[in-house]
Amino acid sequence: MTIREALGLDTSFEAGTFDVAVVGAGHAGCEAAHAAAKLGLNTILFTLSLDSLANLPCNPSIGGTSKGQLVREIDALGGIMGIMADKCAVQMRMLNRSKGPAVYSPRAQEDRQMYSMEMRYYLENLPHLTLKQAHITELLTDEEGNVAGVMTEGKAIYRARAVVICSGTYMEARIIRGEVITESGPDGLPRSVGLSASLGSLGVPLLRFKTGTPVRVNSNSIDFSQMTRQDGEDDIPPFSFRNEMEGKSVAPVDEQIPCWSIWTTEETRKVISDNMDRSPLYSGEIKGIGPRYCPSIEDKFMRFKDKTRHQIFVEPMGRHTNEMYLQGFSTSLPEEIQEKMVKSLPGLANAKIQRAAYAIEYDLVDPLSIRASLESKVVPGLFTAGQINGSSGYEEAAAQGIVAGINAAMKLLGKEAVIIDRSQGYIGVLIDDLVTKGTQEPYRMMTSRAEYRLFLRQDNADERLTPIGHEIGLIDDEVFAKFNEKIEAIAVEMERLKKTYVAPTEKLGELLDSVGQTLPKSGESLADLIKRPGVTYDLLAPVDKDRKPLPGNVKFACETNIKYEGYLSLEKEKIEKFKNLEKIKLPEDIDYSLIKGLRIEATQKLTKMKPENVGRASRISGVSPADCEVLLVYLEQRRRQNNG
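Just so we're aligned: the sequence shown equals residues 497 to 1140 in the numbering used here.
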């Protein structure tokens, strides 16, 4: 609908004019609105419920494998998820310690209510940002098809030069429990009606996905003696680099709340198999495509029949509630079956379910219709972020949100879009996968998706992205100065470790013997000693007389960079080759059908996708290395012709 048509409707009225309108205040919307407002744009953030900002409707946690890297990258750019996660954490852990620093991933159990309230309070007091509870039903354009604003269910018209839609799982959502289907958003909140139809009418291609959430039970009805306790850790850094700079640390373990783990039983399997005829997932009632890497419990038993049991984690929802979340136990089976399923689990024979599990279907945008800036290829000025782009997870949503908010601002400020590529961060991998390869199911970030994961560690996210955050204006000068102090400290210490030699003394022999290493015949540098398996920076303290006190993050960075120096050098060579292809731009006016030597499939895919550069073209399914060579030859011929 054009804004002229909207103004012609009975009872419609102009309610305000803004630079950026953000629709949806989940994790994507909060980051998008924060970024746009921090960059000085007059921004409005719409939500169906002001009481549910940054809601955690599924797992009450932030971070985890690959997701922890995303949170630290968001923080390095100047986002807010890491700060909120630190503030509201009830338990912190570092995952994948046994697999090496490349895949270390911080994870926090969060106080769900506190997280939402803290986010709301912060955003309500942010300059240039207005919060508004309203149901947006129409995206409005001008006569040329550019974004012009949005309209509410009550016909209130808000003009905006850029719109960021972060609708999560709300567009045309329906909740499914067995035979009971409710037109509702998650947690019984209102759903978004009309917006997906509005997008479709503008030519935006839509898909439909499904996800789900487990039951919540009252902790007073749980026998924890039948469960395995999992305590948190306090020897890890906070999510936020800014908190780390200020010396803030994770709460002591005795102040954290434990989680618990159990396994399904044979009775669980029997209850599920006896009632599969009532599963909407298998009856065909659920049409949306579900997540491959987070299947429902009934789907696990059906798809993995060789596994006799599945692990479940029992996690707290916060400090001021008895609700416990059963991670890994989502289902869309009827409520009465859910009761039997839960009671079949160890420690839950007398469990009282406070919230039933459900599946939820929702509309989304085909991510192949989106640019790497997260701007629509169909509607100029429209940006999308989060689950509307086909991803799953709070962290994936927030990562897209900050990029969409930044680029909405960049567009209005007349600046180039900020594109984080695959060599710069997990954020780049996430967005590149979505907009280049698309997805036929809810996309989940994993470390295995990142080719350069040794370089994309959680501890160096600031080294990779904070300069970008400072350049665009999300990181202030004071924080940037502290960041540079850290980088300088790492460089100085690295140089010292390489130049300081240790004699083969008896003390050194004792230290090396404790980790199964032999004493060198002659002096060896501290750096070379650290390269040995089992030898750490701290282990060598007794023989390193010139060592000065250093922050833990500086010591960790030095040790990691030294141990993986050879591998990092190889990875940097690969990154250089990758960047060379990314630099070769593909003009938008290319007619691929006229390029001799391109295969038909490649011609069709390139014409549809319109990749910005040869690197991105090479990652499109159906475009071969030979096709890329043809493109390179064509571009060189075109360059020579243009130069006369």
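Careful, some of the hints might be misleading.
With a straight-line Cα cutoff of 30 Å, these simulated BS3-like cross-link-like pairs (lysine-lysine) come out [to be verified]:
| no. | residue 1 | residue 2 |
| --- | --- | --- |
| 1 | Lys1059 | Lys1027 |
| 2 | Lys1041 | Lys995 |
| 3 | Lys1059 | Lys873 |
Derived Cβ-Cβ restraints for the label pairs, each shown as a range [unchecked claim]:
| no. | residue 1 | residue 2 | range |
| --- | --- | --- | --- |
| 4 | Gly536 | Ser1010 | 35 to 41 Å |
| 5 | Met497 | Gly684 | 27 to 33 Å |
| 6 | Glu620 | Gln807 | 36 to 42 Å |
| 7 | Lys595 | Arg1134 | 42 to 48 Å |
| 8 | Pro1121 | Lys995 | 31 to 37 Å |
| 9 | Arg945 | Arg1135 | 30 to 36 Å |
| 10 | Glu501 | Arg799 | 34 to 40 Å |
| 11 | Arg1134 | Gly1030 | 29 to 35 Å |
| 12 | Lys1070 | Asp683 | 28 to 34 Å |
The set of hints was computed from the structure by calculation and includes no laboratory data.
Every residue, glycine too, gets a C-beta built ideally from N, C-alpha and C.
The hints, checked one at a time:
1. Lys1059 x Lys1027: Holds: lysine 1059 and lysine 1027 sit about 5 Å apart, inside 30 Å.
2. Lys1041 x Lys995: The hint holds at about 14 Å.
3. Lys1059 x Lys873: violated (44 Å)
4. Gly536 x Ser1010: 35 to 41 Å: The hinted range 35 to 41 Å is violated for glycine 536 and serine 1010, with Cβ atoms some 56 Å apart.
5. Met497 x Gly684: 27 to 33 Å: At 30 Å between Cβs, range holds.
6. Glu620 x Gln807: 36 to 42 Å: Because 40 Å falls inside the window, the suggested range holds.
7. Lys595 x Arg1134: 42 to 48 Å: holds (47 Å)
8. Pro1121 x Lys995: 31 to 37 Å: Distance hint for proline 1121, lysine 995 is violated at roughly 44 Å.
9. Arg945 x Arg1135: 30 to 36 Å: holds (34 Å)
10. Glu501 x Arg799: 34 to 40 Å: About 48 Å separates the Cβ atoms of glutamate 501 and arginine 799, which means 34 to 40 Å is violated.
11. Arg1134 x Gly1030: 29 to 35 Å: For glycine 1030 against arginine 1134, whose Cβ atoms are near 56 Å apart, the range 29 to 35 Å is violated.
12. Lys1070 x Asp683: 28 to 34 Å: Given a distance of about 44 Å, which is not inside 28 to 34 Å, the answer is violated.
This entry does not satisfy hints 3, 4, 8, 10, 11, 12, going by the numbered hints stated previously.
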